[in-house]
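Q: Residues per chain are reported as follows:
There are 2 protein chains.
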Amino acid sequence: MQKQNFELLILGSSSAAPTSQRNPSAQLLNVAERFFLIDCGEATQIQLRKYKTKFQKIDHILISHLHGDHFLGLPGLLSSMHLLGRKQELNIYCPPELKEIIDKINSVSDTRINYPIKWHFTKNKGLNLIFEDDKVEVHSFPMKHRIFCTGFLFKEKPLPRKIDKFKLEKYKVSVADIHNLRKGEDIINEAGKKIKNKDLTIDPSEPRSFAYCSDTIYDVDLVKFIKGVDLLYHESTFLNDKEKRAQETFHSTAEQAAKIAKLAKVKQLLLGHYSARYPDIDDFLKEASPFFNNLLLATEGKKIVI
Amino acid sequence: MQKQNFELLILGSSSAAPTSQRNPSAQLLNVAERFFLIDCGEATQIQLRKYKTKFQKIDHILISHLHGDHFLGLPGLLSSMHLLGRKQELNIYCPPELKEIIDKINSVSDTRINYPIKWHFTKNKGLNLIFEDDKVEVHSFPMKHRIFCTGFLFKEKPLPRKIDKFKLEKYKVSVADIHNLRKGEDIINEAGKKIKNKDLTIDPSEPRSFAYCSDTIYDVDLVKFIKGVDLLYHESTFLNDKEKRAQETFHSTAEQAAKIAKLAKVKQLLLGHYSARYPDIDDFLKEASPFFNNLLLATEGKKIVI
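Protein chains in written order, with this note's numbering: chain C, 1 to 306; chain E, 1 to 306.
Keep in mind the hints are simulated off the structure, nothing from the lab. Given the structure is predicted, the values throughout are model-derived calculations rather than measurements.
A pair counts as met if it fits within one copy or between any two copies, since identical chains are not told apart.
Restricting the straight-line Cα-Cα distance to at most 30 angstroms, the calculated cross-link-like pairs of lysine-lysine (DSBU-like) are:
(1) K244 <-> K87
(2) K262 <-> K224
(3) K54 <-> K242
(4) K242 <-> K52
(5) K54 <-> K157
(6) K3 <-> K172
(7) K242 <-> K57
Bound-form chain C, shown alone (with noise of 0.2 angstroms):
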């Protein structure tokens, strides 16, 4: 069987102000061929399209918080998806407030959107199951910034087992046994003999995990809800030069990143988010290299397979 799918696209790697390489803040994750948009700054929809991805399959946005470059390309996604003949619902989790913006300026645009929208608030206290289904779940938490903010959890529902195919012949196993093996269940083979599971099976790879943490000062509370994912993203808008501009302003630099996903002991940290002073983002890697091994850049287009 192959391996499910667990992708992400970055679409937006820039910080507040877009430069004319960088957009604001979005990435499309896929688990098992559900998407989420996470984030959705200004021009997501050109993005998505830029990038060939099929927009109408995205049944999940999640918004990190209401700062202009995390959400502002949602009204126009929302209006597109209409436009172009949705029907099937769309979750929206997000802090409240994005609703009544969003009802304002569909209310002055008289604005029709012709498929169903399901909001779910999200929460500033704790780790919480926002969303569940046999493949996935995921959580949101709470991250310190300047207005109300929350960080995203995603992990893959425990694999089903692997069947070592050379053990059916071997032990006369029904084809019709095959799905309860998968299950971790024991079976009766055809000669009626009761037949162990790990006998015929082997460990699935063990379920991925993504965390997204974007916006946050630096803040060692986060470490209990990231601990040990595949990958971690965290924000690292500024360098050590502006390590007091980051603080005053909630946000992280490329070390203070660094050393959160060494604390979570993550297995690969993804920094974005860059601040538009810096052109040269391949100075986020240098600073944060000496604090963790294995880094990647965000950048427009880049694919990352967890």
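Put chain E on the given structure of chain C with help from the hints.
A: Using the frame of chain C, we list chain E on its own:
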């Protein structure tokens, strides 16, 4: 003296849903180094950067109406102007509800704008002077669309008279009198003799004009406002295959735009606001050509010297 600038830069040529090639409505007009941003669809600030304009020089933003594809780029642009240190006043000409939307977004995101914004609310009757200085005057006028919508008319002020340099010496005119000659006055020369203005100067070029009409149903009532302009931008959302749809949605076809241009006896017609359903915009040119023969197609990045 060099002719003063009168130049239009197209930032977006698409109607409601942008495509991978076309952005929502926005145009930047330079009249004698006064910069007017006309409509501000999503990602306008990114387009302004892409085409290397100095967006802090924009002191006037005009919004025709409150469909998202004409204003959703404004909140982000206002924020970026602030982040990049703007101090000088910005004038916004728009329907009143736009201020409510901007106020709501800025309040929810705790965004402070550190420069003054002066709001000028457009009216739904007649030709209204909304801006004037020594070089240019700008008027708004009502258009027939689904919601309240105005067009804009830009006219150069009469240009100074042109001085015939060869005659200055012949008639012994002092340098100090050149200014008075430009204004059209007669002068007394160095020999104490009165010299008529018309003996020293020639007529300046005619003041130029540009009219912006987006979005509108086919509407001959427009003609009186845009009569004889040097350049008319008139929306052409559809081709004739969708004439019925154009009427239902209060938009125009390319043929209808050309007919308005002919009735108004304008010098040149610029088409734009193309529906995403048309991959090849040359079809707009083909449809309009039999009805008007000095035609341009709006495309992103196109600069038109008026």
